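Residue numbers (UniProt numbering), protein chains in the order written: chain A, 1 to 289; chain B, 1 to 252; chain C, 1 to 669.
Read the hints as simulated data drawn from the structure, not as lab findings. Since this is a predicted model, take the numbers as computed values, not measurements. By construction, the Cβ of each residue, glycine as well, lies at the ideal position given by its N, Cα and C atoms. Be a bit skeptical, because a hint or two may be false.
To give a feel for the contact side, a few chain B residues facing chain C, derived at Cβ under 7 Å [stated by the list, open to error]:
id, residue
1, Q45
2, L46
3, R65
Think about it this way: if two alpha-carbon atoms lie no more than 27 Å apart in a straight line, the pair counts; the simulated DSS-like pairs of lysine-lysine are [as the list claims (entries may be wrong)]:
id, chain 1, residue 1, chain 2, residue 2
4, B, K98, C, K311
5, C, K534, B, K54
6, C, K311, B, K96
7, C, K309, B, K5
8, B, K98, A, K95
9, C, K514, B, K54
10, B, K22, A, K95
11, B, K111, B, K17
12, A, K130, A, K61
13, C, K514, B, K17
14, C, K297, C, K372
15, B, K29, C, K413
16, A, K258, B, K249
17, B, K96, C, K413
18, C, K196, C, K33
19, A, K135, A, K201
20, A, K8, B, K199
21, B, K154, C, K398
22, A, K95, C, K413
23, B, K98, C, K413
24, A, K95, B, K12
25, B, K199, A, K258
26, A, K87, B, K12
27, B, K98, C, K309
28, A, K8, B, K111
29, B, K12, B, K54
30, B, K29, A, K95
31, B, K5, C, K311
32, A, K87, B, K111
33, B, K98, A, K8
34, B, K12, C, K527
35, B, K17, A, K87
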Amino acid sequence: MAKSALLKSSIAKKYWMALTGLFLCLFLAGHLAGNLQLLVPNNALNFNQYALFMTTNPAVKVLSYLTYISILFHAIDGFLLTYQNAKARPIGYAKSNPSANSSFSSRNMALLGTIVLVFIVTHMVNFWAKMHFDKNMPLMTQSIEGQPGMKQDFYVGTQAGQYYPVEQVEIGTHTDEHNHAPKQFKLVKKTELYHAQANVKVADLYKDLYKITLAFFRDAKYGLYFTIGYVLAMFALGFHLWHGFQSAFQSLGLNSPKYTPIIKFIGKAFAVIVPLLFAIIPLYIHFTK
Amino acid sequence: MSTAKNININLKIWRQKNANDKGGIVDYKLDNVSTASSFLEMLDQLNEQLINNKQEPVAFDHDCREGICGMCSLYINGRAHGPETGTTTCQLHMRKFKDGDTIYIEPFRSKAFPVVKDLVVDRSSFDRIQQAGGFVSVNTSGNTIDANATPVPKDDADKAFMAAACIGCGACVATCKNGSAMLFVGAKVSQYALLPQGKVEAAQRVQNMVRQMDEEGFGNCTNTGACEIECPKGISLENIARMNREFLKASL
Amino acid sequence: MKLDSKIPEGPLNQKWTDYKDHLKLVAPNNRPKLDIIVVGTGLAGASAAASLGEMGYNVKAFCFQDSPRRAHSIAAQGGINAAKNYQNDGDSIYRLFYDTIKGGDYRAREANVHRLAEVSGNIIDQCVAQGVPFARDYGGMLDNRSFGGVQVQRTFYAAGQTGQQLLLGAYSALSRQIGLGRVKMYNRHEMLDLVKIDGKARGIIARNLITGEIERHSAHAVVIASGGYGNVYFLSTNAMGSNVSAGWKIHKKGAAFANPCYVQIHPTCIPVHGTNQSKLTLMSESLRNSGRIWVPKKKEDAEAIRAGKLKPTQIAEEDRDYYLERRYPAFGNLVPRDVASRAAKERCDEGFGIEANDTNEGVYLDFSSEIKNKGKEVAYAQGNHNPSEEEIITLGKKWIEEKYGNLFEMYEKITDENPYETPMKIYPAVHYTMGGVWVDYNLQSTIPGCFVAGEANFSDHGANRLGASALMQGLADGYFVLPYTVSNYLADEIRTGKISTDAPEFAEAEKNVKDSINMFLNNNGTKSVDYFHKRLGHVMWNKVGMARNEQGLKEAIAEIGQIRDEFYKDVYVPGNADELNPELEKALRVADFLELGQLMAMDALQRNESCGGHFREEYQDAEGETLRDDENFSFVSAWEYKGQDTTKAELHKEELKYEFIKIAARNYK
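Bound conformation, chain A alone (with noise of 0.2 Å):
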């Protein structure tokens, strides 16, 4: 009985919205914070080192796929909700004024959710894709002027001062002998930096999400589309926030008239402040090529 109502049983549905919602509050705190990296100017090193650092760590990786059936659970289990809720009333009413007695974002969760769905769907085929499987993924390079008037371009590895020239790394698995004379590095498994002959691995690169996600904001032709759905994703994502944040304490039992102002503050204040320094992100990107 216990075991199947903490399934089935409409309350235990709020449950774990509630608790897949505020696990989600924390990723997007989390993810808020490597983000405003992209605020300070010429930070790619930085923010390549936090990428890094969030798609190898073991720790981060257990908590991502925490996050990734948190979203699918919390839309899966919000999809049942707003089906099962619409089947509790099977006829509607002529004339109705919920403005009256409920907030417009508590009245459309399941719209926001979905548009912050649909916004997570695409985000993750922009970046995160790429950054994972993306075969042309770019890596970091740095400009070093080793003598004035003479820029060059190095990759960079993981451990400090690790420099590579560009043009003494092979790129891809094949090497060209007929055009060139043999490269001193090869790369292998996309970021691994083998010396060429003595095939002895020598450094890790990093993958330049830095540069991606600029020149995605910067794009000439579309950057000011994707700057615009990014603002308005997360507009849904405020609004979604606005409710959800506050209500799944509500739902977890946890209101007393002494907390829940606090609560409601502290929510109102989440929903209004992350997406708004999320959405500053893309538009200071994008304004200031």
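Here the structure of chain A is known, so what remains is to put chains B and C in place on it, guided by the hints.
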């Protein structure tokens, strides 16, 4: 002195012959309605007019007409029990309307509240939830301990009373965009959970009542808070939170 | 017809205990073989059905509302009395008994009332165990308050919603039994006749109000707990659906109807606003602790107020007539309900009424003096010994709000006037009926197997009911009396076996019901049911209301007869028999009211005395107070039905013997 005057109004009322009929909105014009009349007295007046014209009067539920029995319902101009908060339909007065107003009157809508006729709905789903666990399993012999043998903190007693003030009218369900009954169930669960007499079987109670609530086809709560605003007795959302806690405790 | 009250012998405080000990029992394995029908699910009905179901009987409960929780017990505001003496002010079972007998103007049975007082404490224990959230003090103990006509604090309460909480308690007990399958609940069903076989109650005919189906239900015993008949006045504080039909049907089948003329008229209700008024709303009696009742001294002022030319606040202090304080200096505004009601009527009849409605009936209940007094007290308590007029009024209003805030809010909702600024307008309204079906000590009517409980019977309140006693009686009957006495009756029925609904008596009763339904639906008259009900109410209010006299009563009997004839000729009932048809339901109820109204007038006419709620203008002293005639009228009048013409009803008398208390006059000067 009394400022009552007479107004003329247009009514758009849901008419439905019986549960199987499709039903629809029918327009009526009603003149010389005293603003001192209650909303239900206005409907009485309409019915008197219909009867005098040998037409069938509008069926609607009502009984005590003093805001306590919970029998009256009606979704008036898009709101359960009409535009006044903290008020049942029977306590709503026509002075809240203006001459020439058009007023929509619809039944409370929910899968669990099927329409019986016109504006009358069947709310026996609430009774069945109550039967599933809304009680303390004590015999009615009177052979219990003395009423003062178990002190109850005043704060708990007051909170239990405020939850118990629910009149079971169903406005919470009618107004909830999800057709959820959690304010009703939460209030009942809370009343007993707050009192020592009810704590003994709190776990089974909340599980049984929630199971019955789900079986009846009520929707899920999404915390919009509309129920709390439209509840004529001001039952607090805290009661839903308490039910959520009680259910969690019972399920773990 | 022979009236045997079956009051047991022995000392008063031992009667019930001894009697209970010698009642017959039904063994647990026999109980499921016995069927009991309970009609009505208010305090008495719900508690009886729950208790009998719990004992193991096969119970069917009926209510006309959509849920048993809606019964009108729910509207009781003030509280419930119990002789617990928690407040250590000398209360006891005897005192509660004595106060109730005296409050009833010595027209109730000693033995019944003493039993009521004996079980009063159990009621509170029971309700608390059920989770009824009574008001408590900071020590966690139950709180009490004082009520009219007594000198102790014995009233338990839950804010202004005591009736609601008690009914929901009984409803929860009933719900538990329904959930367990021991009680089968029939919502939206109305009892339309009693079925008697071989002289015993054996079942009922009920109409399913949704489908219109006429159903036969058999049982070994029938309990009627269908409430009072105040709606015979059309306007009352009763619920719209409250009706006498269940009680009246058994009366027509042979149950005597007792003391129909005893009606309680509550002094503080919101006055009638117009011809479309459907019901009256009570303002709690407690308001009379702080409000002063007055009308203008000058008729021209009253006229100017009614015309809207003067406001009450413009009437100078010396031009106000605080008539209760003038006539009853000792009790002032706190005289009992019947006295306060009659005094208001007297002023309005003289032309001093202040309400601008058709009848000009209304008096002021003014809080301005209290606002000033309390404001000053509070200011002093706060250390301000020289408060300004403004400060006093602000503080006073705050004090009033704390004490009566919810009532003031309700008043404003209904009347759109702010009672903090202008006095409340109030007028008496029909509230409770002490009379009802005659029952013996077992609560059994003169039909064997037909029991009557709660307001529907006549048993405990005599000619006037004290505040906070109705809830007590309802629960006492249902929880603590009927389970014993019904079992005692059923002990002789264990060999009867299932009662078939195919018996010719069922067929005949069903046919009668169907005939009367068809008669109304095919009548094709021109006037609505309400038209006749209002006319009946008008006659009742004016001639069988607060003050009665021989001529008026005789006129009333004739006029009601006329209205009844017209009703049958000219009523129009739309719709069909096989559907939800509220007009048909009303027609069937009003038909019974039209007979009862006559009987009430006849009862009032034969009672040549004034007592409690029954005031005959011929029987008053020089100062307009009631004159009881104990020598000739110390009896219960029990009427036997003698056919369609109510005026042929036969009066039987049950002598009231006072063995344990001394009869005295009531004096509130």
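query = Which hint numbers does the structure go against, in order from smallest to largest?
reply = Violated: hints 2, 33.
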